[in-house]
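**Student:** Chain by chain, the residues:
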Amino acid sequence: MPSPIRRATFAGLAALAAGALLLTGCSSSAAPAGDSQSAESGAASGAFPVTIHNAYGDATIDAQPERVAALGYADVALASALGAHVVAAPESFTSVAGAGDEKNLPYIDPLPEDTTWLNPMSINVEQVAAAKPDVILATAGFTLDEALYAQLSDIAPVVAYETALYGSTSEESALRIGDALGKTEDAERLITEADAAVAAIKQDLPGLEGGTFLYGQARDGVVVMLVDEANVTAKFMQQLGLVALPAVADLGGQGSVPGAIDVSFEQAPLFNDAGVMFMTFQSDALQEKFERDPIVSKQPIMSERYVPVGLEAATALQDPNIASVPWLLEQLRPGLELIPAK
Amino acid sequence: MTRPTTTQPSTPVAEGTLPARPGSHWRWAAGVALLAAVFLAALAAGDLALSPSEVWAALTGTANDFTQTVVLAWRLPRALAAVAFGAALGAAGSIFQTLTRNPLGSPDIIGFNTGAYTGVLLALIIIPAPGFAATATAALLGGLAAAALVLLFSSRSGVGGNTFVLAGIAMSAALGALNTWLVYKTDTATATASSVWAAGTLDNTRWELLQPVLGALAVIAVATALLVPKLRIIELGDDLAHALGLRVSTTRLLLVASAVGLTAVTTAAAGPIMFVALAAPHLARATLPRTHPTLAAALAGALLLSIADWLAAHAFAPTQLPVGAVTVSLGGVYLTLTILFRKH
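Protein chains in written order, with numbering that gives the first Met the number 0: chain A, 0 to 341; chain B, 0 to 343.
Bear in mind the hints are in silico, worked out from the structure with no lab data behind them.
Computed from a predicted model, the values in this text were never measured in an experiment.
Hints should not be assumed to be uniformly reliable.
Going by beta-carbon spacing under 8 angstroms, a handful of chain A positions derived as facing chain B [as the list claims (entries may be wrong)]:
#1 G97
#2 V124
#3 A149
#4 Q150
#5 V256
We put the beta carbon where it would ideally sit given N, CA and C, even for glycine.
Sequences and hints are given; from them, build the entire structure.
**Tutor:** Rendered as structure tokens:
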């Protein structure tokens with residue numbers, strides 16, 4: 000009975016999460032965040048103690064952390080990119096979903112053998128405690144709730160999101176983690192590097208500015224298509240100069256996930272005007288079903304500007320953290336190159 | 000294991016108050032000892048390795064702060080919750096099975112859990128990120144509303160007949176369809192949160208949440224203990240119970256209310272933990288003296304849930320299972336074996 004585990008890891012739940020994966024980015028709560036803690040900690044790197052205001056309470060970090068536990072993907076990516084000693088990390092979604100053995104995210108330096116691997120779908124608090132962290136990063140912990148936050152706080156100060164999951168920009172999250180680790184300047188450098196990578200690809204590919212995209216998850220008979228402009232995924236695309244194809248975005252209606260609408264395969268002709276169509280899938284079978292659908296397969300875009308997106312890239316796109324941006328752009332580049340110049 | 004034989008030719012669940020067989024007390028002692036052993040194992044085991052002496056030191060207040068936190072703030076409330084919730088579900092199941100004279104008459108199948116799930120789903124849809132109190136209240140209201148409707152539908156024929164069970168099954172089916180539709184229509188975040196609740200779990204049990212729950216259970220348990228002797232009279236048949244001066248309908252309603260109360264509080268706190276209420280009375284009949292069937296079912300339920308939660312936490316560590324999935328598996332295996340090896 001003891002181990003105060005986090006929730007269930009069943010297949011069903013994992014499937015649900017896979018469904019949630021793309022597009023969950025919480026749209027509405029893009030409230031301003033991040034200002035307060037950077038103001039408090041001062042501009043200088045390494046000013047401790049630092050007080051972090053979390054959605055579930057305040058946490059004070061007294062000295063620069065030496066052992067870092069990360070619960071979310073953005074957390075481990077940023078901590079690793081900032082050179083912190085990560086002792087506990089979430090295993091990659093590929094590993095959680097049973098689609099592969101690699102536990103490290105593809106865009107970070109592989110963590111040492113003795114890392115405590117956590118299941119992000121079901122955080123095991125005793126596992127976290129056994130790793131003896133002196134700070135716990137959970138700005139992207141998607142199973143975090145009040146009870147889990149309280150237990151984690153028994154172990155070490157917790158750095159969670161300030162308002163809501165995916166409620167902050169990637170820059171705000173990076174600075175938040177930078178402050179907590181006493182590496183504000185390094186976080187600022189990462190932001191500059193990400194901006195530079197975005198600027199470089201925009202220069203290489205002039206078609207991006209003002210271009211259109213579609214990004215969706217094809218399910219059984221419908222595509223859950225991203226339309227909300229406030230979504231963190233959509234914001235990432237906007238940074239590249241892209242907008243969601245208006246013909247689809249303006250369809251209206253309800254989506255299976257917030258910020259998205261469900262578009263029937265029968266409306267596939269609408270997809271043709273998109274500069275590029277990225278698509279993710281919960282399973283290979285659903286990908287095959289989409290690609291072989293009699294209506295979908297006849298659309299010109301399917302042979303010209305349709306790009307399937309893999310599990311890890313979809314996970315990264317769900318909450319594009321600063322550290323993942325250069326890698327993510329490399330992954331999307333073949334698709335982005337297809338966007339015709341205006 | 001020798002089974003105490005009963006001379007009653009009645010349904011499998013209808014048992015009278017039998018005189019204690021000499022020498023059967025050891026079964027009670029063994030049951031309680033086993034429960035204590037599982038309880039201690041729950042305090043000792045975990046991904047954070049603690050030696051028995053460290054656990055003991057934590058219990059006596061001489062361990063370091065961190066060990067105290069792990070044992071007293073994390074493991075102890077969870078272990079206690081398993082015992083208390085299991086006992087509540089076991090007792091509720093025993094009462095239901097006796098009243099309905101049906102070995103399948105459990106709160107699981109008369110619509111209570113599906114109603115509670117409807118309540119939680121509606122709460123999740125209406126309130127963004129509801130806290131524990133809101134979720135628990137919604138589960139409570141949903142479950143009680145479903146139970147009230149079932150009672151209303153079966154009011155003409157009374158709780159004792161098949162109508163009660165049939166109305167419960169119909170209510171479960173209708174609400175189950177509503178729940179499926181709600182999950183389908185809602186966004187993924189809500190669907191994920193609700194499916195986590197629906198799995199039934201004791202994870203992250205904390206004192207501040209557990210204390211009011213244990214308090215409520217204690218009150219209902221006392222009321223139930225006072226009512227249970229009358230249950231033994233109702234078992235003898237309505238006519239005989241009337242003749243003995245019992246107000247049968249009122250007593251029956253009070254018993255239903257107490258059983259629903261035990262289930263409701265447990266479900267509100269931990270989500271629907273299936274099968275304990277159904278399997279515990281059967282397990283109790285097979286292994287414990289039949290002198291106090293409801294108490295025996297409570298002990299069996301506490302054991303069942305404690306063992307199930309231990310397995311949920313440790314059998315596949317560090318992977319964790321929801322305890323609801325384990326109780327269903329254990330209960331299913333047990334009942335299947337019972338049916339396979341039943342003497343005709």
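**Student:** If a hint holds in the structure, say so; if it does not, say that too.
**Tutor:** Each hint tested on the structure:
{"no.": "1", "hint": "G97", "in the structure": "violated (12 angstroms)"}
{"no.": "2", "hint": "V124", "in the structure": "holds (7 angstroms)"}
{"no.": "3", "hint": "A149", "in the structure": "holds (6 angstroms)"}
{"no.": "4", "hint": "Q150", "in the structure": "holds (6 angstroms)"}
{"no.": "5", "hint": "V256", "in the structure": "holds (4 angstroms)"}
The structure fails to meet hint 1 from the earlier list, while all remaining hints are met.
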